[in-house]
Amino acid sequence: MSDGLLAYLLDPANWQGGGVRASIPELVLTHLWYTVQALVVAAVIALPLGLYIGHTGKGSFIAINAANAGRSLPTLGLIILLVVIMGLGFGPVLTALVILAIPPILTTTYAGIRAVDPAAIDAARGMGMRPLQVLFKVEVPIALPLISSGLRNALLQLVATSTVAAYVGIGGLGRLLIDGLSLNDYGRVVAGAVVVAALAIVLDLLAAGTQRLIVSPGLTGRIPKRQLRRTAPAAPAPALAPADGVAATTSVHGPSTPEPASSARDRASS
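Just so it is clear: in the sequence shown, position 141 is 141 by my numbering, and no numbers are missing.
FYI, nobody ran anything at the bench for these hints, they're computed from the structure. Even glycine gets a Cβ: it sits at the ideal position worked out from N, Cα and C. A hint or two may mislead.
What the hints assert, rightly or not - DEER-style ranges, computed between Cβ atoms:
1. L181 x G209: 32 to 38 Å
2. D11 x T56: 54 to 60 Å
3. M129 x V41: 30 to 36 Å
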């Protein structure tokens with residue numbers, strides 16, 4: 001049974017292009033293209049809006065309501081509605097994907113800016129920084145972990161949601177799912193699910209690596225190995241034994257000045 005379900009995925013013919021049917025690599029590239037376009041457009045809209053709301057504190061209800069709306073919107077219903085309004089093509093799909101990707105980016109950007117310590121902001125203002133300098137030199141670097149996590153969340157949502165683009169007749173990995181269900185070819189459905197899951201894992205690992213590079217180690221608690229080696233405590237120096245012929249005496253008040261052993265013997269005999 002498992003061999004039959006994996007037959008489509010393991011068939012080399014499905015990984016080679018040139019036929020009437022798109023190969024799996026071609027579907028992956030199309031799926032990535034949809035995802036990247038939607039993420040870029042959503043970031044261009046949501047990042048400046050989240051920075052403005054977080055920095056000024058005005059319109060915070062927009063970020064809160066956007067988060068609630070993003071959780072309640074049905075993806076397929078939204079795409080069908082936009083197709084009815086805009087017609088077939090990639091335009092309705094891109095619009096729906098952007099609408100679904102904006103809330104996580106907007107809310108995390110707003111929350112990250114608002115979570116910055118007010119003492120750091122006051123110190124920056126005391127140094128004479130202008131409002132934009134405070135925003136981009138103090139608030140954004142401190143809020144970068146939350147902002148990048150919102151972008152990662154939106155990326156994973158888009159990878160999973162872009163499969164619904166096949167419902168309106170365009171490409172992507174959703175073609176494997178939709179065509180497989182319509183033809184009762186469950187091997188194709190399994191291939192589509194496995195490839196989408198693998199693509200999401202790979203993109204999440206790449207996003208995590210990028211976040212590790214751009215976020216300051218001081219915000220994450222990571223200390224580079226070179227700095228650990230540089231700040232490692234030095235080994236204590238070994239204690240030196242008394243020189244030959246010299247006796248050291250210690251009292252309750254601390255160590256006294258050493259005196260020659262011959263003088264100690266003379267005083268003892270007297």
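Do the hints match the structure? See the list:
For the hinted restraint 32 to 38 Å between L181 and G209, the CB-CB distance of approximately 35 Å keeps it satisfied. The hinted range of 54 to 60 Å is satisfied by D11 and T56, whose Cβ atoms lie roughly 57 Å apart. For M129 and V41, the hinted distance range of 30 to 36 Å is satisfied, since their beta carbons lie about 31 Å from each other.
Comparing the model with each earlier hint shows no violations; every hint is respected.
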